[in-house]
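Combine the two chains into a complex, taking the hints into account.
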Amino acid sequence: MTMSGQAPRVVLVTGKGGVGKTVVSASLALHYASIGLRTVLVETAGATNVSALFGRTGSGYALTELRPRLSTLSLTPEAAIEDYVVQQIRFKRLYTMVFKNRVMGPFIDAVPGLHDAVQLGKVFDLSRERRAGGHAWDRVVVDAPATGHGLTMLGSARSMMELTRAGPLHEGVKQVQDVIGDPRHTAVLLVSLAEGLPVNETIELWERLGESRALLRGVALNLCLPSPIGAADWRDGSGVLDAVPNGAALRGLVERRLQRVDQQAAAAERLHAATGAPVRALSDLRAARDGLNGRPWAEPDLLRLAAQLDPSGLGL
Amino acid sequence: MSAPHTRVLVCCGSGGVGKTSLSAALAIKLARSGLRVAVLTIDPARRLADGLGVGALGNDAREVPLRALFGDDGGGRLDALMLDARSTFDNLVRRFAPDARAAQRVLDNRYYQFASTRLGGSHEYMAMERLLELVQSGAYDVVVLDTPPTRHALDFLRAPERMSGLMDQGVLKWLVMPAGVGGWRALEFGSEAVSSVLKALLGEGTVGEIAEFFDAFRGLGDGMRQRSLAVRALLRAPTTRFFLVSSPAAAARAEALFFLAVLREERMPFGGFLINRVAAAPPAFSRGEWSGRSPAEALALDAVDAQCAEQADLAAAHAKAVAALRAEGPAGAACWLVPEQSGELHELSALIALGAALPDAESVWGADGTGA
Ligand SMILES: Nc1ncnc2c1ncn2[C@@H]1O[C@H](COP(=O)(O)OP(=O)(O)OP(=O)(O)O)[C@@H](O)[C@H]1O
Ligand SMILES: Nc1ncnc2c1ncn2[C@@H]1O[C@H](COP(=O)(O)OP(=O)(O)OP(=O)(O)O)[C@@H](O)[C@H]1O
Ligand SMILES: [Mg+2]
Ligand SMILES: [Mg+2]
Chain H
1 MTMSGQAPRV VLVTGKGGVG KTVVSASLAL HYASIGLRTV LVETAGATNV SALFGRTGSG
61 YALTELRPRL STLSLTPEAA IEDYVVQQIR FKRLYTMVFK NRVMGPFIDA VPGLHDAVQL
121 GKVFDLSRER RAGGHAWDRV VVDAPATGHG LTMLGSARSM MELTRAGPLH EGVKQVQDVI
181 GDPRHTAVLL VSLAEGLPVN ETIELWERLG ESRALLRGVA LNLCLPSPIG AADWRDGSGV
241 LDAVPNGAAL RGLVERRLQR VDQQAAAAER LHAATGAPVR ALSDLRAARD GLNGRPWAEP
301 DLLRLAAQLD PSGLGL
Chain R
317 MSAPHTRVLV CCGSGGVGKT SLSAALAIKL ARSGLRVAVL TIDPARRLAD GLGVGALGND
377 AREVPLRALF GDDGGGRLDA LMLDARSTFD NLVRRFAPDA RAAQRVLDNR YYQFASTRLG
437 GSHEYMAMER LLELVQSGAY DVVVLDTPPT RHALDFLRAP ERMSGLMDQG VLKWLVMPAG
497 VGGWRALEFG SEAVSSVLKA LLGEGTVGEI AEFFDAFRGL GDGMRQRSLA VRALLRAPTT
557 RFFLVSSPAA AARAEALFFL AVLREERMPF GGFLINRVAA APPAFSRGEW SGRSPAEALA
617 LDAVDAQCAE QADLAAAHAK AVAALRAEGP AGAACWLVPE QSGELHELSA LIALGAALPD
677 AESVWGADGT GA
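From first to last, the protein sequence lines are chains H and R. The numbers in my numbering rise by one with no breaks, and the one at position 307 of the first sequence is 307. The numbers in my numbering rise by one with no breaks, and the one at position 73 of the second sequence is 389.
Next comes chain R alone, as it looks inside the complex (with noise of 0.2 Å):
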């Protein structure tokens, strides 16, 4: 089972909302506060690296460098990475595969090659397994997971299940039966006609492969089922929480009731939702009351008056979208309003700044850090 003393959080919403940039400005944010963080990013781009300075992310952990950024020494500690699922992938095969050579044979199929970064779903099911391996290794205090929109999000929520579904020798039952060394058979009954329709669609030798993939994995099987259920467990943990990312357009709070349904549905644990990209009101400001002594004078307190009304008009709108989300989410969720900042976000202080808005991990966890 994973070890028991990290936590996770999830941070889960539709394209675009946030999901990375509050996922690494709470990683820091738990981080100063004394805590061991690693901060995983799911995303194929760079942005996190972007994000949080460190050049180039790979799989492997690279530590921010919070002390000679900050200068101050909470204790804590700021891993960031960026998922390679092919090497996961390759990684877990080498691990779960009974002897060396029948790793290379998975290795060395072609299908794999394929299937390892393009099957779909792998590259979320990668993300789980390297989320456990991080969860496992006892490094570190919490997890925070950065995830793609939602759609995807929600495959990689199940990816586990799946894959291990599709890694069920089932599959290799309906689809050919080795017979011997080097041949294949197709099964009785109805699995020769699926058998020969998958061979007139995609090609006898693709089939041959295929079958050959998932014959050679086999050995692998036992192995990956435990690692999917121990992912399963995870996810749904007492001291896991999803944080819900929308923005306060419609549409992004239409796909986090989405989501919140399938939470309650899988029955993962909410955290509460993050309103990210909040207009503040404008300070308050009367034209009437002003006439400059130039002409440049009146058209700055014009420039004044109409950057004062949009953001008026901007908040009034964005105040009536929290509301809704408030009423539509469940009753006593919490509920963290993250504002719009001004200027680029890859900058470390404006994460930083983020934090100021964001949950800390007493609110999260409670004053025990148990989550209970």
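Chain H with its partners taken away, still in its complex shape (with noise of 0.2 Å):
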């Protein structure tokens, strides 16, 4: 076990569209918060998921607390330039003047990398703000967006590095690098199902993940079923759905789910071997699942998710 104040102050979370990214991240912020560490958790890209799932509306640019030692913000590219040029510079006025401007805004969209760099950058801030002699905040949960930009943003402070060359900028990004690219300091968690498809993704995404492969902690494997049945009572016992009407059917619709089991475990053995890292099987809480109807999440549920990835076992 880790003494949670040396684990990583940073926990990006990334994956597959779709995949659980923003309940993973909410369950671990939740949990950290509920055993006493201030925690932040970051919205990326302008998505505003989070509220949502705890039962609230609206999130912005402006921390929202959800519950006691656990706040949200939604990052947008657009409020993180605004954030950074106006800490730059100064002059509110000058920011409007360039980056409000009609032609100078589209250009200022185009400078590659900038958009990821600036969230980034706020990340990195938060992990830095200071409050009564000490951090403000112990964890911040990055909910970062899916692979291809996902890996875009991890990457974003180096490839600014790499086009400014000099300049205070360049200098800012490198500071940036330095914590977010080293592992005492930033974990990244991969979310993953388990399906072929979405597992080779993952695969994929880890190898691409190239120098930032050392701040794997782990993989969830999100949504797994649990087994209706062991394997042998089933041989043994499901001759009798012979005499049973529907009989193929019933007995092709326990099979599916005993398939699908079999699935996630070669799944996890699959992602254990291609990356090294320990793979978490996390259920599927259909009865929870805000999926369907859009209800919040229940903070039972979340807790339960939490505990199945054993923060404290990733060393995080």
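Every clue listed holds true.
Derived Cβ-Cβ restraints for the label pairs, each shown as a range:
{"#": "1", "chain 1": "H", "residue 1": "Asp284", "chain 2": "R", "residue 2": "Ala647", "range": "32 to 40 Å"}
{"#": "2", "chain 1": "R", "residue 1": "Gln542", "chain 2": "H", "residue 2": "Arg184", "range": "48 to 56 Å"}
{"#": "3", "chain 1": "H", "residue 1": "Thr57", "chain 2": "R", "residue 2": "Asp376", "range": "42 to 50 Å"}
{"#": "4", "chain 1": "H", "residue 1": "Ser227", "chain 2": "R", "residue 2": "Gly604", "range": "18 to 26 Å"}
{"#": "5", "chain 1": "R", "residue 1": "Leu423", "chain 2": "H", "residue 2": "Arg213", "range": "28 to 36 Å"}
{"#": "6", "chain 1": "R", "residue 1": "Ala597", "chain 2": "H", "residue 2": "Gly60", "range": "40 to 48 Å"}
{"#": "7", "chain 1": "H", "residue 1": "Gln259", "chain 2": "R", "residue 2": "Gly604", "range": "23 to 31 Å"}
{"#": "8", "chain 1": "R", "residue 1": "Ala683", "chain 2": "H", "residue 2": "Thr48", "range": "39 to 47 Å"}
{"#": "9", "chain 1": "H", "residue 1": "Leu63", "chain 2": "R", "residue 2": "Asp629", "range": "37 to 45 Å"}
{"#": "10", "chain 1": "R", "residue 1": "Asp415", "chain 2": "H", "residue 2": "Asp284", "range": "58 to 66 Å"}
No wet-lab data here; the hints were simulated from the structure. Owing to the predicted nature of the structure, the values given are computational and were not obtained by experimental measurement. Glycine included, every Cβ here is placed at the ideal spot set by N, Cα and C.
Structure, rendered in structure tokens:
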């Protein structure tokens, strides 16, 4: 067990679209808050799914407190750029003149990597923010964008360093990179599903992490389903269905689930073999799922997923 | 203008709902009905290649061996491609540069090398460019376009206009002004302040490189503007259809509706909803009527019972979700329900099975294929 004080302050969660990055980030953040750590859950690229998950409405660039010790904010590149630039040049009016300019706006938009780098910069700022003699936040959990974009964001500080080579922005992103690239300060969690393509993609994503592979602390295999019966009992007992109307279809129903359970085990093994990282199976909490009805998640369900993730076992 | 006979199908939707799988399944279905079809994925990941079993996909069309796979011959053809943004961009530069030297100047520019792969929206822009190339080649009856998750897909719908706005010399005028060969001078008025802020931020060298990039690009501007107008027209053509892919999940449905509003605003033709992974109701089973002759049989019956209950719950929830989308969507919108498949979808046979639930050419474009 790692001392929480020594665990990385920043945890970035990424993976393919729709696999459960937001749910996993929220579980982890809630877990931290529940063990007494001051935690901020950061959404990126304008996503605003966290507040609904906690049964709140509205969230933006300003911090919103969700629970005691748990706050959230949603980064947009525009707000992060404004924040950064106003900090740098100290004149809001000048910012407006340059960045809100009809012609210059699209140009600034086009500076490659800038959008992502300023968001990463904000994450860095949060991780360093001081309050009353200590850090303002014990944990910064980042619900990062999906696959390709997530990678670009993770690499954006380095890209900006290459692009700028010198100057204040270069110095700024270098500081960010020193923290975001360092496994003592920053961890990455990948979220995957137990299906062929998502597993392939997770492995591909891991390959493309390049130098950031050292940050990987674990893989969450989300939406795992339980087995309704042991394989041996099924083999010995399923003959009874021969006499039952719809027997073949009913048999198929259970056998598909059993296949699925096998597939989960195989996926966990493949992911571990490829990445070397611990793989944690998280249950499909269908009953809890806001998925179908858009209802918020119940805290115990999120904490249950966090327990399955076992952050302290991952050194987080 | 674009060749009039190639029709375009675009699949959009939020993350992981099945855009890539359904694009492939639609393309296969259309090809097997005798059409010449290309399917283009702009996802950076190698998904579609997996799905179509053609190994590594590339920027060039690879024929999917339908005939060998099915043994049937409907006269159709299917090519699969994956976007390579960099080489598409390079080709575009070569094509529209006034001469080889001008092209080389752009290709050698450090900012270009960064921008062509990392520029926000450049991937999307190149996808549109590639789409246009495929359409204009005249080699296809239908081009099916897979897209990244919605918010990015929005970028790509607007990418051509955004990019040609960017390439507009307006930017350059604001940024710096070429003062003879090799020198750069900031323009008068406000632009001086603009330029100095940028320099303070990015460093002088970088701003110079960026300016040079825009300068080198100037000769290409007109050609590219023409292209972006052609794309604009293509996306709004009467034979183009946008299908919104959703799962039964509330968040995915909300995204689909959000996208629908954008289509309206952009006057791009909506083809219908594809609601993917809809659970079927379980077969009828009544546990009380059966008792096992052994403990294992009793457990097997319990397992069947539990599985049926779970499946029935899910199917009921999905039916509600489908009804909700129908109610929230436009009246009379086409709505295709694609069942949840068991097993893995990277098998071609599974993609073919999906096709049964998907629209055919006639239901998309009418019997005469005009989409009128
Ligand atoms: N363990 C789980 N049990 C039940 N439902 C889950 C679980 N994990 C995620 N979900 C549901 O699956 C859907 C997708 O999850 P989530 O929004 O976290 O994915 P994401 O990876 O953040 O998606 P995106 O790429 O769109 O941001 C949501 O409806 C969520 O409630
Ligand atoms: N009808 C279906 N039945 C079962 N599985 C499906 C079905 N449709 C898609 N899937 C599975 O869902 C996963 C996501 O599908 P796919 O990659 O096509 O989604 P996508 O929308 O393209 O994702 P992304 O937003 O990441 O590009 C895959 O594992 C695929 O095999
Ligand atoms: Mg999310
Ligand atoms: Mg896809």
